[in-house]
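Heads up, the sequence shown is in my numbering, so the first residue is 1 and it goes up one at a time.
Among these hints, one or two may not hold up.
Derived CB-CB ranges, DEER-like [as the list claims (entries may be wrong)]:
| # | residue 1 | residue 2 | range |
| --- | --- | --- | --- |
| 1 | 100 | 57 | 18 to 24 Å |
| 2 | 156 | 19 | 17 to 23 Å |
| 3 | 30 | 54 | 40 to 46 Å |
| 4 | 143 | 84 | 17 to 23 Å |
| 5 | 30 | 213 | 36 to 42 Å |
Hints in this document: simulated from the structure, not taken from any laboratory. None of these values were measured; they are calculated from a predicted model. Idealized CB from N, CA, C, for every residue including glycine.
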Amino acid sequence: MDTTQRTEQQRSADRRRRELLEAADRVVLRDGPQASMNAIAAEAGITKPILYRHFGDKGGLYAALAKRHTDALLDSLRAALDAPAERRERVESTLDTYLAAIEARPQVYRFLMHPAEGGGAQGDQGFDVGKHSAPLLRRMGEELAQVIEERVDLGPDSRQLSRVWGHGIVGMMHAAGDWWLGERPCDRRQLVRSLADLLWGRLAAAGDKAGGPGF
């Protein structure tokens with residue numbers, strides 16, 4: 001098989017994988033954590049063994065969907081952090097971007113962060129929520145830590161403190177957002193302002209890192 005044939009086969013496989021992920025997205029939007037491999041295969045017009053061939057099992061499909069949605073969310077968060085605005089405004093915009101994303105697609109959020117709720121779906125094995133959702137939060141924490149380290153002067157322990165802040169802020173956003181999405185005790189804008197107030201003390205006092213893009 002020559003290089004051209006291999007390249008075309010890879011493109012075809014990538015295209016088919018995207019189509020299957022889009023079918024899975026449609027089922028997740030409808031069924032949330034109860035989305036099953038049977039339902040996703042039916043939506044895609046294939047048999048479940050073919051779906052297994054592409055993703056292995058529900059965990060493999062979950063990981064592919066998680067990467068797809070996490071990539072999109074991180075792109076949105078980076079755009080909010082890079083917006084030409086004062087630091088406090090960018091902090092609020094970043095918090096709002098996260099909350100707006102989970103508010104817009106709550107079934108996707110619940111599928112990604114509470115997959116154990118769907119463990120009873122017929123024919124599917126149960127899900128370990130920590131095993132599957134914790135890596136998403138860790139990835140977001142590391143990404144945010146890198147942004148903080150690049151932009152904010154936190155002194156000689158900058159790298160370690162940036163990681164503490166990055167993971168702490170992501171944990172706060174996740175816990176507060178999860179509670180808010182379930183109970184809706186206030187509007188989104190009020191929650192954003194309250195979380196920004198909590199973060200603002202040390203962050204407001206820190207200067208921009210010399211030579212960095214600024215924050």
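Verification of the hints:
Checked against the hint of 18 to 24 Å, the C-beta distance between residue 100 and residue 57 comes to roughly 32 Å, which is inconsistent with it. In this structure, residue 156 and residue 19 break the distance hint of 17 to 23 Å, their C-beta atoms being roughly 51 Å apart. Checked against the given bound of 40 to 46 Å, the beta carbons of residue 30 and residue 54, roughly 21 Å apart, lie outside it. Evaluation of the 17 to 23 Å hint for residue 143 and residue 84 yields a pass: the beta carbon distance comes to about 21 Å.
Our hint of 36 to 42 Å for residue 30 and residue 213 holds, since their Cβ atoms are close to 41 Å apart.
Taken one by one, the earlier hints fail for this structure at numbers 1, 2, 3, listed in ascending order.
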